[in-house]
Amino acid sequence: MLRDTLTRLLGLAICSAALAAPAHAQETVKVGMLISYSGISATGGLSADNTLKLFQKKYGTEPGGKKLEFIRRDTTGPNPEVARRMAQELIVREKIEIMIGPDFTPNVLAIAPLVTEAKVPSIVPGAATQGIIGEKSPYLLRTFFSIPQSVRPMAQWA
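So for the sequence shown, the working numbering puts the first residue at 1; every next one is plus one.
Just so you know, the hints here were simulated from the structure itself, not pulled from any lab data.
Since this is a predicted model, take the numbers as computed values, not measurements.
There may be inaccurate statements among the hints.
[As the list claims (entries may be wrong)] Heads up, simulated DSBU-like pairs for lysine-lysine below, C-alpha to C-alpha not over 35 Å straight-line:
1) 95 - 119
2) 95 - 58
3) 95 - 66
4) 57 - 95
5) 58 - 119
6) 30 - 53
7) 67 - 53
8) 119 - 30
9) 119 - 66
10) 30 - 67
[As the list claims (entries may be wrong)] Cβ pair distances, simulated, as ranges:
11) 113 - 57: 32 to 38 Å
12) 157 - 28: 46 to 52 Å
13) 54 - 156: 24 to 30 Å
Quick reminder that beta carbons are idealized off the backbone N, C-alpha and C, glycines included.
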């Protein structure tokens, strides 16, 4: 399921970046991947990397005529200070056009002001807390369920 979600995220990232880029923009689209590659959620980063390899095997490294450059940064798990610092680096130094991640609610809350100010869309593959997407930044898009979406049906069933 995570692999399917990440594959869809990559496709969405490409489409979003291609549509958002002006006609005179460079031919390389920089995609920041702000995900846990170490710590308690290192398997998420491994899945992201494996998904990226499968995506590139299927669609190549220049889908839609644009070269994709994926720049990885490790949040080390639910660590808002690290997530904010890594997001700032991706936005300011690397000049990414779109971000995939982060993957925990505290991390999303930490980067929301940065992506809003820079107008960098962030596709969030995790962070189940209700009220963080849309309310904290119009540049956040979640591809994951929220807690009420999973808990409410169980409560009604019980």
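Checked hints:
Note on residue 95 and residue 119: the hinted pairing holds, with a Cα-Cα distance of about 11 Å set against a maximum of 35 Å. Pair hint residue 95 plus residue 58 holds up; C-alpha atoms about 27 Å apart against a cutoff of 35 Å. With a C-alpha separation of about 16 Å, the suggested pair residue 95 and residue 66 falls inside the 35 Å cut-off, and the hint holds. At roughly 26 Å between alpha-carbon atoms, residue 57 and residue 95 fall within 35 Å of each other, so this suggested pair holds.
Between residue 58 and residue 119 the CA atoms are separated by roughly 30 Å; this keeps the pair inside 35 Å, and the hint holds. Of the supplied pair hints, the one linking residue 30 and residue 53 holds, its CA atoms being roughly 16 Å apart against a limit of 35 Å. The suggested pairing of residue 67 with residue 53 holds, with an alpha-carbon distance near 15 Å, which does not exceed 35 Å. In summary, the hint linking residue 119 to residue 30 is supported, as the alpha carbons are separated by about 14 Å, within the 35 Å threshold.
Under the criterion of a C-alpha separation no larger than 35 Å, the hint pairing residue 119 with residue 66 is consistent with the structure, at around 21 Å. Distance restraint check for residue 30 and residue 67: the Cα-Cα separation of roughly 9 Å lies within the 35 Å cut-off, and the hinted pair is therefore satisfied. In this structure, residue 113 and residue 57 meet the distance hint of 32 to 38 Å, their C-beta atoms being roughly 37 Å apart. Checked against the given bound of 46 to 52 Å, the beta carbons of residue 157 and residue 28, roughly 49 Å apart, stay inside it.
The supplied range of 24 to 30 Å is broken by residue 54 and residue 156, whose beta-carbon atoms lie about 37 Å from each other.
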